[in-house]
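Each chain is listed here by its residues.
4 protein chains.
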Amino acid sequence: MLVKSRMSKYPLTIDPDESLSDAHAYMREQKVRHLPVVKSDEKMLGLIAEDDLLKAEPSSATSLSVWEIHHLLMEVKVKSVMVKEVITTTEDTPIEEAAHLMLDNKIGCLPVIRDDKLVGIITESDIFRTFMELFAAREKGLRITLEGPNKAGELAKVTRAVADEGGYISACGTFNLEDTTKKGITLKVRNVDREILSEALSKIEGSSIIDIRKM
Amino acid sequence: MLVKSRMSKYPLTIDPDESLSDAHAYMREQKVRHLPVVKSDEKMLGLIAEDDLLKAEPSSATSLSVWEIHHLLMEVKVKSVMVKEVITTTEDTPIEEAAHLMLDNKIGCLPVIRDDKLVGIITESDIFRTFMELFAAREKGLRITLEGPNKAGELAKVTRAVADEGGYISACGTFNLEDTTKKGITLKVRNVDREILSEALSKIEGSSIIDIRKM
Amino acid sequence: MLVKSRMSKYPLTIDPDESLSDAHAYMREQKVRHLPVVKSDEKMLGLIAEDDLLKAEPSSATSLSVWEIHHLLMEVKVKSVMVKEVITTTEDTPIEEAAHLMLDNKIGCLPVIRDDKLVGIITESDIFRTFMELFAAREKGLRITLEGPNKAGELAKVTRAVADEGGYISACGTFNLEDTTKKGITLKVRNVDREILSEALSKIEGSSIIDIRKM
Amino acid sequence: MLVKSRMSKYPLTIDPDESLSDAHAYMREQKVRHLPVVKSDEKMLGLIAEDDLLKAEPSSATSLSVWEIHHLLMEVKVKSVMVKEVITTTEDTPIEEAAHLMLDNKIGCLPVIRDDKLVGIITESDIFRTFMELFAAREKGLRITLEGPNKAGELAKVTRAVADEGGYISACGTFNLEDTTKKGITLKVRNVDREILSEALSKIEGSSIIDIRKM
Chain A
209 MLVKSRMSKY
219 PLTIDPDESL
229 SDAHAYMREQ
239 KVRHLPVVKS
249 DEKMLGLIAE
259 DDLLKAEPSS
269 ATSLSVWEIH
279 HLLMEVKVKS
289 VMVKEVITTT
299 EDTPIEEAAH
309 LMLDNKIGCL
319 PVIRDDKLVG
329 IITESDIFRT
339 FMELFAAREK
349 GLRITLEGPN
359 KAGELAKVTR
369 AVADEGGYIS
379 ACGTFNLEDT
389 TKKGITLKVR
399 NVDREILSEA
409 LSKIEGSSII
419 DIRKM
Chain B
209 MLVKSRMSKY
219 PLTIDPDESL
229 SDAHAYMREQ
239 KVRHLPVVKS
249 DEKMLGLIAE
259 DDLLKAEPSS
269 ATSLSVWEIH
279 HLLMEVKVKS
289 VMVKEVITTT
299 EDTPIEEAAH
309 LMLDNKIGCL
319 PVIRDDKLVG
329 IITESDIFRT
339 FMELFAAREK
349 GLRITLEGPN
359 KAGELAKVTR
369 AVADEGGYIS
379 ACGTFNLEDT
389 TKKGITLKVR
399 NVDREILSEA
409 LSKIEGSSII
419 DIRKM
Chain C
209 MLVKSRMSKY
219 PLTIDPDESL
229 SDAHAYMREQ
239 KVRHLPVVKS
249 DEKMLGLIAE
259 DDLLKAEPSS
269 ATSLSVWEIH
279 HLLMEVKVKS
289 VMVKEVITTT
299 EDTPIEEAAH
309 LMLDNKIGCL
319 PVIRDDKLVG
329 IITESDIFRT
339 FMELFAAREK
349 GLRITLEGPN
359 KAGELAKVTR
369 AVADEGGYIS
379 ACGTFNLEDT
389 TKKGITLKVR
399 NVDREILSEA
409 LSKIEGSSII
419 DIRKM
Chain D
209 MLVKSRMSKY
219 PLTIDPDESL
229 SDAHAYMREQ
239 KVRHLPVVKS
249 DEKMLGLIAE
259 DDLLKAEPSS
269 ATSLSVWEIH
279 HLLMEVKVKS
289 VMVKEVITTT
299 EDTPIEEAAH
309 LMLDNKIGCL
319 PVIRDDKLVG
329 IITESDIFRT
339 FMELFAAREK
349 GLRITLEGPN
359 KAGELAKVTR
369 AVADEGGYIS
379 ACGTFNLEDT
389 TKKGITLKVR
399 NVDREILSEA
409 LSKIEGSSII
419 DIRKM
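Chains as they are written, first to last, in this note's numbering: chain A, 209 to 423; chain B, 209 to 423; chain C, 209 to 423; chain D, 209 to 423.
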């Protein structure tokens, strides 16, 4: 799964010469918290987040009054508060790397760049949706979590056992456990009866079902 | 994977009688954006997010001046601005359901409740970390994405092929494709040579490698 | 001295449908702190002071954030924050009554009304300028302060003594003293020598010069 | 009339190390708009006006958010925003000069200094009260305004005419007219009948009554 399959194409953008006030109004109206800053030629010049809008050059303020702030919000332009060193990604980047970048930099979105041009944006919400998809969270079925030996071939045994009972695996994910000699597997399975599947899986040597539920 | 294995235990909390000003200072100092509101008996009374702090009863303000705001931030208490109808989860909830709740309600965290008491908190960052773990994003290996027929038994074939070459699968995830007759699989594999693995996987009927890279 | 001789005619006004933001900008530009609110027919509808502009319906605010305030300043109109029960005066009012009204009500200006229409405005600065005029503060001369018996005829004696020496009185003011059997008189006099004037005034029975200075 | 007879003695002061927030609260509580800044030895270090409190070093602010402002108001000290080059006066200054200083510098008060120490304060309100006193505004009587030739001896004639009828002059002020060959006189008189006084004054050659009213 690469960024290109989960990003939003043709993202909303904003002109660098808009005022902070207009940028904020546009974000509210469009219900977004970030906007890439783009001039007519599609080259991305920067990024503004809702929070950045208040980072408007307080050094140019002459007082702390609401009038001063009000004035700055109308006068100061997006280009003078936007982040210029934007962390970006590309279409062919694995999605987990995009998530990694967001987590490490505490940012909520990544503009997607091809040949210096903005071609998409991937956000926290896209990561959340993909996360749910990995668990087939919106599909019905049996959700089973197993623990087994942390070694080559174990996942093949488990998936084989499901297939042998005619089960269809709509999601499969593996994860680490505190006991590093073991590994966890979460499956979402349909087209098979709970009792039959339980029995089949419990026959796998070294593995045990630690949670099973109908969802 | 259930909430209990990925939540933070013993989360920071705040007293309902703290001022908004003190609540904000505490959040900044602790670098958190949400705090469950708890009285001495551990019963959770509400939740405050950084953004909520400014929702302080503007109706009780008599002007829009910074002095009025300043005064309210020092006088108004957490209990009068906290969200009282908090969306919560439990330790035994599947993690994808927790993610689902956060996405649908546009919230950044979920307090985890047991017997009316707060026992943990799970946040966006926890979901991001789990997401990366599902892809074994921090482990080295070959990252392979395949497309194959969307039917029972396909995942078993793929994992078997890897196992037969001695490969260790550190991550496995399945995902939907636009073409619903097909399904995607992303694997992270180590202990096997790229050429050998490619050849083995390409022998699986109906499947094709659409991306392979060393990470 | 009546209000009409010291007021400003044709005062600046503002339309009731202007925004608070525009009203503030106009006040700053024109360097005024108050504006009568007038519709096309010259009937005064209210008065706004710079400070009133921040009394903008905080009850209609949904948060204390600067964005909310910013929004209200642009959206809320002058008519919804103006003072409607305006304290006014007329052209034929003695100026000391106008001063009395301003002092008692802690207000900095009084619109001047004739037949329900706004014909002028009198401000603190007008009172200050008149105050200085009463002392001929901007004219050169001898400034003398005397104390004498608080009874009829005393002022006539003093002014006669000055006139007899050929002195021209450019200002004359009387004031009360703690000792209520006495009264103070301050004069500004020119065209007479200090020694000659002192001697002439010191001959008035019961009176004594308590201060004399060339200004 | 000198500053010492109309100033307030022992004015309220504030310590230079108080926060802006505390200074504001104190001003509100005491209903003053200015405070001299004084250390224990009574030497005046500066002056703060309510408006100055918001001139708090916005250059040290890192954002325009209300939290930043809130923080600065609690952290920044009076000494860093007070006006250090204070315009002051002395006890022996004529009151009209004090008014002149306030008008020209658009300031609302003047600290009164003796030997580098603060001994009083004179404010706009003191000027207003003195203004009213000059007109005996709070005393009952006939208020008469006359116009007469702008030359020496005229005031003596007018005051003599009043005295000859047994009238007591509780206030007397002279003022300029647009026609500089003439001068205006306003008197407040009691103990004499309106008709008798009118007749007496109208006999003065060159003078005419332009307004007479009972107050």
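Among these hints, one or two may not hold up.
Note: identical chains are not told apart, hence a pair may lie in one copy or across any two.
[As the list claims (entries may be wrong)] With a cut-off of at most 25 Å between alpha-carbon atoms, the simulated DMTMM-like pairs for lysine to aspartate or glutamate come out as follows:
1. K285 with E237
2. K359 with D401
3. K390 with E299
4. K365 with D401
5. K217 with E250
6. K251 with D323
7. K359 with D372
8. K251 with D230
Treat the hints as calculated values from the structure; they're not laboratory data.
Against the structure, the hints:
no. : hint           : result
1   : K285 with E237 : both (19 Å within a copy, 22 Å between copies)
2   : K359 with D401 : between (28 Å within a copy, 17 Å between copies)
3   : K390 with E299 : between (35 Å within a copy, 21 Å between copies)
4   : K365 with D401 : both (19 Å within a copy, 22 Å between copies)
5   : K217 with E250 : within (13 Å within a copy, 46 Å between copies)
6   : K251 with D323 : within (9 Å within a copy, 55 Å between copies)
7   : K359 with D372 : both (22 Å within a copy, 13 Å between copies)
8   : K251 with D230 : within (21 Å within a copy, 36 Å between copies)
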